[in-house]
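Those sequence lines, one after another, are chains A and B. Here the working numbering is used: position 73 in the first sequence is 73, and no number is missing along the way. Here the working numbering is used: position 205 in the second sequence is 205, and no number is missing along the way.
Treat the hints as calculated values from the structure; they're not laboratory data. Among these hints, one or two may not hold up.
What the hints assert, rightly or not - To be clear about the criterion: a stretch of chain A counts as covered by chain B if any three or more of its residues have a C-beta under 8 Å from a C-beta of chain B, and this derived list gives those stretches: (1) 32-41; (2) 61-73.
Unchecked claim - Stretch-level coverage of chain B by chain A, calculated; a stretch enters the list once three of its residues show a Cβ under 8 Å from a Cβ in chain A: (3) 8-22; (4) 30-39; (5) 57-71.
Every residue, glycine too, gets a C-beta built ideally from N, C-alpha and C.
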Amino acid sequence: MDKFISIEQFCIHHNVDFAFIESLNQYGLVEITTIEDTRYIIVEQIKDVEKMIRMHYELDINIEGIEAIYHLLNKVDSLQEELTILKNKLNRYE
Amino acid sequence: MDFIDYYKVLEIDKNASEDEIKKAYRKLARKLHPDLNPNDNNAKKKFQEINEANEVLSDPEKRKKYDKYGKDWKHADEFEKAKQQQGSSGFASDNAQRNPNQQEDFSDFFESMFGGTAGGRRSSQSKFRGQDLSTELHLDLKDVFQSHKQTFTVNGKAIRLTIPAGVENGQTIKITGHGGEGVNDGPHGDLYITFSISNSTKFKRDGNNLYVTIDLNLYTAILGGEIMVDTFDGKVKLTIKPETQTGTKVKLKGKGFPIYKKEGEYGDLYITYQLKIPVNLTEKEKELFTQLSILNSNG
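Please model the entire structure based on the sequences and the hints provided.
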């Protein structure tokens, strides 16, 4: 169970509505696992979910906006990774 | 410390209404929030600036003091008291001289923003994970050929870390729980270390493979022979085939760079031969080359 955190507990800690996490789930932004009637999110996803909470509650970005940003940030990540690989390759010819 | 014009920071007029301040802050926060600008220290700094500006200008009391005392607004109460006691108007500048450290820019107070404590909506009783910290570690290629332990300091804390062999330039690793402290017993954040690896060696690295160009003298290239070649961690003897051309490449399997997190596994070393033409020839050598040339043109 170490890799799961109950959504109820998570929502209490962050003072957010359960419905918000459900909405993220509906948009495919967070995975919810149900074990014996309790709903959980995976620990590895917490950082992303916290980021989405900040976007929503601090920056007033709606779920559609969060979805778009989430995909763009993933794209930025992979482009940065690719850039680093290419820069390292380029060093060979300098 | 230079005076920071909070109105300028929020890109608003000095007469801006509360609503205009809120809107300006939201607009800039959406642009500069660290979540939307990962690894961008400039955005992070600007975000701290707009937060500080917003904190002051969105609070009517603080704004009033700021408008009246400018950079010394935090000491407004002291000024008022001093004014009453001394009836003096020169106190503000004196005070600024005496307390240079009190005007440290963007304070402590906003440090917690990045751990998720920001936003008035959430309760102060909530537990929050500490902020994630990121740092850059500068190493030389030689330093990452073998796993080794290194101690370094982040935010005043010494951290002893095993640097795995084969780590890449630009690679980021996460050290769980070594970030900022949590709030209200919340868990620590994580520490992200990005490696910046310079290369002072003659070897070029591409992933796990190493590349090196070595000089080959004319006679060995033509007649063949044996040469000693440097690898990253030693020397090997190579047999050169007769009539080896310049630009010929050979691969030494397993003599490249260690593969990250795969102990005992290595990439390959690619050697390119570069033919070295002899210089400062003696008369005898010139004569022999001339003879060879004649022989070649007759053949």
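Going down the list of hints, with the structure as the test:
1. 32-41: It is violated, with 0 qualifying residues against the three required.
2. 61-73: With 3 residues closer than 8 Å to chain B, the region 61-73 of chain A meets the three-residue bar; holds.
3. 8-22: violated (count 0)
4. 30-39: This one holds; 6 residues, not fewer than the three required, reach chain A with a Cβ under 8 Å.
5. 57-71: Contact hint for the region 57-71 of chain B vs chain A: violated, 0 residues under 8 Å.
When held up to the earlier numbered hints, the structure conflicts with 1, 3 and 5 and fits the remainder.
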